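K.L.:
Add chain D to chain W, keeping to what the hints say.
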Amino acid sequence: MPLLAQTPAESPLPPAKTIAAWRILLRGAGVFLMLFVFCVWAAKGYHQGWTQNQVPVKQIDPITEIEFVTYEQRFVPGLDYLVGGLIAGTVLFAATFLGRRGPKRPPL
Amino acid sequence: MNSILRTIAFAGFTIVSAVAAPKAYDFKDPKGVNAIQFTLDSLLEPIVGTAGAVEGEVMFDATDVAATKGKIEVDAASLKVPNTKMTEHLVGADWIDAATHQDISFEFAKLDSVKAIGDGKWSAVASGKFTLKGVSKDVVVPVTLSHLEGAFGKRINKPELGGDLLVVRGEFTIQRGDFGIQPGKNEDKVAPAIQLTFALVGGAPKA
Numbered sequence: 001m002p003l004l005a006q007t008p009a010e011s012p013l014p015p016a017k018t019i020a021a022w023r024i025l026l027r028g029a030g031v032f033l034m035l036f037v038f039c040v041w042a043a044k045g046y047h048q049g050w051t052q053n054q055v056p057v058k059q060i061d062p063i064t065e066i067e068f069v070t071y072e073q074r075f076v077p078g079l080d081y082l083v084g085g086l087i088a089g090t091v092l093f094a095a096t097f098l099g100r101r102g103p104k105r106p107p108l
Numbered sequence: 001m002n003s004i005l006r007t008i009a010f011a012g013f014t015i016v017s018a019v020a021a022p023k024a025y026d027f028k029d030p031k032g033v034n035a036i037q038f039t040l041d042s043l044l045e046p047i048v049g050t051a052g053a054v055e056g057e058v059m060f061d062a063t064d065v066a067a068t069k070g071k072i073e074v075d076a077a078s079l080k081v082p083n084t085k086m087t088e089h090l091v092g093a094d095w096i097d098a099a100t101h102q103d104i105s106f107e108f109a110k111l112d113s114v115k116a117i118g119d120g121k122w123s124a125v126a127s128g129k130f131t132l133k134g135v136s137k138d139v140v141v142p143v144t145l146s147h148l149e150g151a152f153g154k155r156i157n158k159p160e161l162g163g164d165l166l167v168v169r170g171e172f173t174i175q176r177g178d179f180g181i182q183p184g185k186n187e188d189k190v191a192p193a194i195q196l197t198f199a200l201v202g203g204a205p206k207a
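In order, the protein sequence lines correspond to chains W and D.
The first sequence lines up with residues 1 to 108 when you count with our numbering.
The second sequence lines up with residues 1 to 207 when you count with our numbering.
For reference, chain W alone in the conformation it holds in the complex (with noise of 0.2 Å):
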């Protein structure tokens, strides 16, 4: 049984590539913080300005006609909410790769 016996100091091979949980964690916050963010902005109606909590709507007054808004107080995500998500998600993912070394080479 040589291949068992051979501990991986022992073997002229560099070690197999391996990551982290941690870094394997955070990649996949970052992807599921950008695919939620995408899904929540698409879900409230893609709405292309700014973010929204307090939301006009249009009415009439009968008798003068005039047009009028009132407030409703709802969420309405805006291209600030999915741009920041994004970025927000590419930093998290982004981080993983900070501080990663390449498997040691064995001294000349």
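Possibly wrong hints are sitting among the right ones.
Claimed, not checked - Per label pair, the in silico range of CB-to-CB distance:
id, chain 1, residue 1, chain 2, residue 2, range
1, W, Y71, D, A99, 19 to 29 Å
2, D, D61, W, A42, 29 to 39 Å
3, D, G134, W, Q59, 26 to 36 Å
4, W, A94, D, K189, 24 to 34 Å
5, W, V55, D, D75, 17 to 27 Å
6, D, D178, W, Q73, 26 to 36 Å
7, D, G177, W, Q48, 24 to 34 Å
8, W, N53, D, A99, 18 to 28 Å
9, W, T70, D, T173, 47 to 57 Å
10, W, G84, D, D119, 48 to 58 Å
11, D, K31, W, A94, 46 to 56 Å
12, W, A29, D, P30, 49 to 59 Å
13, D, P183, W, V55, 29 to 39 Å
14, W, T70, D, D64, 31 to 41 Å
To be verified - Far from chain D, by Cβ distances over 12 Å, these chain W residues were calculated:
id, residue
15, I19
16, A20
17, R27
18, F32
19, F36
20, L86
21, T96
22, F97
23, G99
Simulated from the structure, these hints should not be mistaken for laboratory data.
Bear in mind the structure is a predicted one, so any value in this text is a computation, not a measurement.
Glycine included, every Cβ here is placed at the ideal spot set by N, Cα and C.
P.N.:
Same frame as chain W, but now just chain D:
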């Protein structure tokens, strides 16, 4: 005979004076419809908001529209846009500074270029003083006036009250820099011009 004629003439004069005298229209609307809408272009889309706390009085006489005069005031703190954070910035010290300069107002003493455009409808030009953030400037505002006779009571579901309504519509543009609102700053993000649109109703209950 002379005294009878004098009495008739006096009575006639009194009636004509009472009918022709300008009425005071109160622009604090009980139904809360009155608002000034403001629009200013910005990076993503135009920022559109309203200022709802409108008050004021306009003296109007349908037989002498050119003599119409009055003052409309808006509480600066009532400015509202669809995003509460943006509203806070807008009424904050860097922009409108509603805490220090509470009133936005427009005062005019007469109307020019009055033209009848329909039954009880006129177009005119109101020249007056517009005050914002403590700065007053002369502005010229094209307006249309609609006089709705007997509609005051009807509008508040009390037709027995009678009274008239005066609807004033108009639109004008100001430069925010002229009123000390971030002059020359952030013009790439928020346009220097602010468009103001209004449709206001004033009521004069039957005396």
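K.L.:
Hint by hint, say whether it matches the structure.
P.N.:
Now the hints, each set against the structure:
1. Y71(W) - A99(D): 19 to 29 Å: holds, 22 Å
2. D61(D) - A42(W): 29 to 39 Å: 57 Å Cβ-Cβ, so the 29 to 39 Å window is violated.
3. G134(D) - Q59(W): 26 to 36 Å: holds, 33 Å
4. A94(W) - K189(D): 24 to 34 Å: holds, 27 Å
5. V55(W) - D75(D): 17 to 27 Å: holds, 22 Å
6. D178(D) - Q73(W): 26 to 36 Å: Check passed, 35 Å falls within 26 to 36 Å.
7. G177(D) - Q48(W): 24 to 34 Å: At roughly 29 Å between Cβ atoms, Q48(W) and G177(D) fall inside 24 to 34 Å, so the hint holds.
8. N53(W) - A99(D): 18 to 28 Å: holds, 23 Å
9. T70(W) - T173(D): 47 to 57 Å: At roughly 25 Å between Cβ atoms, T173(D) and T70(W) fall outside 47 to 57 Å, so the hint is violated.
10. G84(W) - D119(D): 48 to 58 Å: holds, 54 Å
11. K31(D) - A94(W): 46 to 56 Å: Taking Cβ atoms as reference, K31(D) and A94(W) lie about 55 Å apart, which means the hint holds.
12. A29(W) - P30(D): 49 to 59 Å: With Cβ atoms ~54 Å apart, the hint holds.
13. P183(D) - V55(W): 29 to 39 Å: Since P183(D) and V55(W) have Cβ atoms about 32 Å apart, the given range 29 to 39 Å holds.
14. T70(W) - D64(D): 31 to 41 Å: Distance hint for T70(W), D64(D) holds at roughly 36 Å.
15. I19: holds, 39 Å
16. A20: Label holds. Min Cβ-Cβ 38 Å, cutoff 12 Å.
17. R27: Holds: least Cβ distance 30 Å, greater than 12 Å.
18. F32: holds, 26 Å
19. F36: holds, 21 Å
20. L86: Consistent with the label, L86(W) stays out of reach of chain D, its closest Cβ about 15 Å off (over 12 Å).
21. T96: Holds, since 31 Å exceeds 12 Å.
22. F97: holds, 31 Å
23. G99: holds, 35 Å
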